[in-house]
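*Asks:* Chains as they are written, first to last, in this note's numbering: chain P, 1 to 99; chain Z, 1 to 634; chain L, 1 to 274.
If you are wondering where the hints come from, they were derived from the structure by calculation, not from laboratory data.
No farther apart than 20 Å at their CA atoms in a straight line, the calculated lysine to any residue pairs in the SDA-like style are these:
#: 1; chain 1: P; residue 1: Lys98; chain 2: Z; residue 2: Ala605
#: 2; chain 1: P; residue 1: Lys98; chain 2: Z; residue 2: Gly597
#: 3; chain 1: P; residue 1: Lys98; chain 2: L; residue 2: Arg100
Note that this is a predicted model, so its numbers are computed, not measured.
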Amino acid sequence: MTISYYLVLAAILFTIGAVGVLVRRNAIVVFMCVELMLNSVNLTLVTFARATGTVDGQIMAFFVMVVAAAEVVVGLAIIMSIYRTRRSASVDDANLLKY
Amino acid sequence: MGTVPAEGLLAASWLLIALPLAGAAVLLLGGRRTDRWGHLLGTATVVAAFVLAVACTVQLAGTDGRSADVELFTFISAGDLDVTAGLLYDPLSAVFALLITGVGSLIHVYSIGYMAHDPARRRFFAYLNLFVAAMLLLVLGNSYVALYVGWEGVGLASYLLIAFWYTRPAAATAAKKAFIMNRVGDVGLAIAIFIMFAQLGTTSYAGVHGTVGTLAGGTITAIGLLLLLGACGKSGQFPLQAWLPDAMEGPTPVSALIHAATMVTAGVYLIARSAPIYDLTPTARAVVLAVGALTLLVGAIAGCAYDDIKKVLAYSTVSQIGYMFLAVGLGPAGYVAGLAHLLAHGFFKAGLFLGAGSVMHAMDDSVDMRRFGGLWRKLPVTFATFGLGYLALIGFPFLSGYFTKDAIIEAALDRDDVWGWVLGGVAVLGAGLTAFYMTRLMLMTFFGRARWEDGLHPHESPTVMTAPMVVLAVGSVFSGALLVSVVPLSGWLEPVFGEPEEAAHVVAPALVGLVVTVVMLLGVLAAWLFVGRREVPVTAPVRVSPVTRAARNALYADAVNESLFMRPGQWLTRALVWFDNRGVDGAVNGLAAGLGGSSSRLGRAQTGFVRTYALGMLGGAVMVAGALLAVTAG
Amino acid sequence: MTPGDADVVIGTGEAVVFWVLGPVALAGALGMVLSRNAVHSALWLVNTMLALGVFYVVQSAPFLGAVQIIVYTGAIMILFLFVLMLVGRDSSDSVVETLRGQRVAATVLGLGFAGLVGAGIARATEDLPVAGLGDAQAEGNIPAIAELLFTRYLLAFEVTSALLITAAVGAMVLAHIEREPGSRQTQKELSRARFLTSDRPQTLPGPGVYARANSVAAPALLPDGRTLDETVATGVEPQEVQQMPRPTGREQLGSPDAALGTLDPAPADSGEQR
Numbered sequence: 001m002t003i004s005y006y007l008v009l010a011a012i013l014f015t016i017g018a019v020g021v022l023v024r025r026n027a028i029v030v031f032m033c034v035e036l037m038l039n040s041v042n043l044t045l046v047t048f049a050r051a052t053g054t055v056d057g058q059i060m061a062f063f064v065m066v067v068a069a070a071e072v073v074v075g076l077a078i079i080m081s082i083y084r085t086r087r088s089a090s091v092d093d094a095n096l097l098k099y
Numbered sequence: 001m002g003t004v005p006a007e008g009l010l011a012a013s014w015l016l017i018a019l020p021l022a023g024a025a026v027l028l029l030g031g032r033r034t035d036r037w038g039h040l041l042g043t044a045t046v047v048a049a050f051v052l053a054v055a056c057t058v059q060l061a062g063t064d065g066r067s068a069d070v071e072l073f074t075f076i077s078a079g080d081l082d083v084t085a086g087l088l089y090d091p092l093s094a095v096f097a098l099l100i101t102g103v104g105s106l107i108h109v110y111s112i113g114y115m116a117h118d119p120a121r122r123r124f125f126a127y128l129n130l131f132v133a134a135m136l137l138l139v140l141g142n143s144y145v146a147l148y149v150g151w152e153g154v155g156l157a158s159y160l161l162i163a164f165w166y167t168r169p170a171a172a173t174a175a176k177k178a179f180i181m182n183r184v185g186d187v188g189l190a191i192a193i194f195i196m197f198a199q200l201g202t203t204s205y206a207g208v209h210g211t212v213g214t215l216a217g218g219t220i221t222a223i224g225l226l227l228l229l230g231a232c233g234k235s236g237q238f239p240l241q242a243w244l245p246d247a248m249e250g251p252t253p254v255s256a257l258i259h260a261a262t263m264v265t266a267g268v269y270l271i272a273r274s275a276p277i278y279d280l281t282p283t284a285r286a287v288v289l290a291v292g293a294l295t296l297l298v299g300a301i302a303g304c305a306y307d308d309i310k311k312v313l314a315y316s317t318v319s320q321i322g323y324m325f326l327a328v329g330l331g332p333a334g335y336v337a338g339l340a341h342l343l344a345h346g347f348f349k350a351g352l353f354l355g356a357g358s359v360m361h362a363m364d365d366s367v368d369m370r371r372f373g374g375l376w377r378k379l380p381v382t383f384a385t386f387g388l389g390y391l392a393l394i395g396f397p398f399l400s401g402y403f404t405k406d407a408i409i410e411a412a413l414d415r416d417d418v419w420g421w422v423l424g425g426v427a428v429l430g431a432g433l434t435a436f437y438m439t440r441l442m443l444m445t446f447f448g449r450a451r452w453e454d455g456l457h458p459h460e461s462p463t464v465m466t467a468p469m470v471v472l473a474v475g476s477v478f479s480g481a482l483l484v485s486v487v488p489l490s491g492w493l494e495p496v497f498g499e500p501e502e503a504a505h506v507v508a509p510a511l512v513g514l515v516v517t518v519v520m521l522l523g524v525l526a527a528w529l530f531v532g533r534r535e536v537p538v539t540a541p542v543r544v545s546p547v548t549r550a551a552r553n554a555l556y557a558d559a560v561n562e563s564l565f566m567r568p569g570q571w572l573t574r575a576l577v578w579f580d581n582r583g584v585d586g587a588v589n590g591l592a593a594g595l596g597g598s599s600s601r602l603g604r605a606q607t608g609f610v611r612t613y614a615l616g617m618l619g620g621a622v623m624v625a626g627a628l629l630a631v632t633a634g
Numbered sequence: 001m002t003p004g005d006a007d008v009v010i011g012t013g014e015a016v017v018f019w020v021l022g023p024v025a026l027a028g029a030l031g032m033v034l035s036r037n038a039v040h041s042a043l044w045l046v047n048t049m050l051a052l053g054v055f056y057v058v059q060s061a062p063f064l065g066a067v068q069i070i071v072y073t074g075a076i077m078i079l080f081l082f083v084l085m086l087v088g089r090d091s092s093d094s095v096v097e098t099l100r101g102q103r104v105a106a107t108v109l110g111l112g113f114a115g116l117v118g119a120g121i122a123r124a125t126e127d128l129p130v131a132g133l134g135d136a137q138a139e140g141n142i143p144a145i146a147e148l149l150f151t152r153y154l155l156a157f158e159v160t161s162a163l164l165i166t167a168a169v170g171a172m173v174l175a176h177i178e179r180e181p182g183s184r185q186t187q188k189e190l191s192r193a194r195f196l197t198s199d200r201p202q203t204l205p206g207p208g209v210y211a212r213a214n215s216v217a218a219p220a221l222l223p224d225g226r227t228l229d230e231t232v233a234t235g236v237e238p239q240e241v242q243q244m245p246r247p248t249g250r251e252q253l254g255s256p257d258a259a260l261g262t263l264d265p266a267p268a269d270s271g272e273q274r
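Okay, chain P solo, but in the shape it has when bound (with noise of 0.2 Å):
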């Protein structure tokens, strides 16, 4: 076993939440999706951490963590928002940006 399984186990993981945003219509769950990828993400870079041995990649995923949670607090918060007016949470509601 080589460090390329967690490398292949992070592009799965990354798949599988890019395809739970593509086919997933609630809001907050497409947004677990995107925290799914970010999470593969950070995995890639943990792992590039230990084989370049460096802390660098550690460093990097850290920041991802920080930002992935203020995209949390800011996403939801329009989540809300869009709820409140909509009263719906489906992306699929939100669809005037068209032709």
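Guided by the hints, dock chains Z and L onto chain P, whose structure is given.
*Replies:* Relative to the frame of chain P, chains Z and L by itself:
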């Protein structure tokens, strides 16, 4: 002959143009406020111009070389083209200026009475003033460009005045016809000016006439023929004669001033002014001759058949201008004769038209001669003046037409070759036809039984109308003798056309006069036999000989024009429109429709669903990953 | 595997951890995407995140592993659950796909993406030597991170703090509902309005109150014996619950226990006792 800078009054000759132009501007811009005195202002400006023209001419007579150049301002300065707006006051333009302002003044005075009851009298005088200004610019300009500006100006004024009663469809149509047929000629004139500029680099008379000899013969001939085309359009010469009779839809003073005395003689002026060019191209000159001779006959024949008094006079005008073209086509020998005939014609034809107007005035605007008859008793002044004009026109001995027409015939015979005899014969034949149709007109209008509509009470016109007629009648009687013998026009015009050659006189002038008089009397006799002896039917007979029918249709000039130019033109237009609609528009619209359709189809991809867009992103990511793999693996 | 080992192959102990927790992480991810209930999705995601946290610890990043578990699993997922509670269930939880071909296309593209990226990474890194972090964090993981974070990445760190403040303010602004000044009602006004507009001044009784059953599906009983269907939570089907007959007369109300009666249906008895 040298041209000197103008001094004194001559330097102010631009006022000749400015005065009527200012009158037109005031009348057109002033609107209804000028309704009450507009006609007086219009007349005053032209009379003032006449006085000024007389004074200028007197001063010119005393000037060295009898040619004055009035430089005004730079008109066009573009690259090599440098057109200075300037006036050339020389004997030729002086003669025309006097004719235009003189006859113009009389007709303005006449119009005060003739148009008294027309609500748009002010507009009429504005247009008349505009015409006089443009016509004076035409004859006084010192370059072909200035002439062209005036040329178009008179065309515009003619159009406006023919369509003066624009609510009548016939008048509107006639105006369009005149305008369009004039355009055909104007294109020729314009191209001739283009050639002058391209080849000689100048358009002034002095420049062109001084250097035209350096051009190739073919170019000179082309210029001559194109100028002739322009002259034909403006003067109603064959093959562009058809508009002139229709132009009689305008008010009668317009017919007298524009379509008899002045504007239609602009072609003669153009050819006379361009004498140095025609001197170099016998071919073009021969064409001028042919056009003149042909028009002379065509006009005279058509004039024999019409019952509309103004149309008969119009065809008479066509025919008489044919005489003038014939004369100026003869070269140096004929210029003076042609211009003398032009001046005399200006008098008697204007008088005849004014007389016709007076008759119409009396007959409730009817123009049908079959409804006239016996008017000599009711309209004595009109009858007398009209009769004098008639005698002058048919060349009754010792009236003006006699002198001027004989001079033309003599000049033609003096060519001393077969063509001289042919042209002379045509001219003599034309004189006989002229006598015929004019006598027919006189008989049908003034003699015989009264055939008026019921309830008509013909009455003599007011003095303001008859006075100009009297003046013109006097001019008709004496102008010929005056111009040929007393104050010889040939001597006056010598600075322009050079020393008059001593006439060869192949045939003795007395003999020519005798022959012409005899032919004229034969014409009169024939008219009396055909018309005077019998009762004139009120409606035109339907069963007539083919000759009469052809003459009634003006020798099918309109039909020929229609089938030769109008129909193919319409076909071409239709084909072009079709091509434009289907081909050009089809391509452009098709492209636009294709783009619109494809964009609206592509727009469907914009569903508004975020997930669809995200799917696209994932697809793109897959492609990028595949591409990266392909690159690194390959 | 010992720290500082530059070997390609990873030790057996870690392999065991990987082969146990890897499938758990995958299952959590799949479960999150596939489960119909959003709350279940969140729980599945917690599962995956915990597994990832263990992976971090195993890969010489114990600090990150702790942060993963505390911040992500603890804080962020709780935030998710809070919002889920606020929003509640709605039609977006339906598993019926409304966009034609979306699911198929997403699956195909996802498989293609996973295949391409996975294959590419596997090919590129299967021979990658593992330097290990033994030298880099000889004094421990946290001092190594702290040293880098407060030296080389100081600016980024400070900017991140600004980002967090901004996010907090932004969330407050977004979640805040602006009321018209003066539209806020006093307690007195609220009380008055309640008495004027409603026939029930007090709060609703909880479900099952006074009923002879304590199920949430049993509506409360009013003092006069009528049921009050509003007391049943939305989304719960009110159910007919077998109830004790009510005592009808004062003579029947003995001790409180007697007043409650028994579950034996005895409507006939009551008639006889009368």
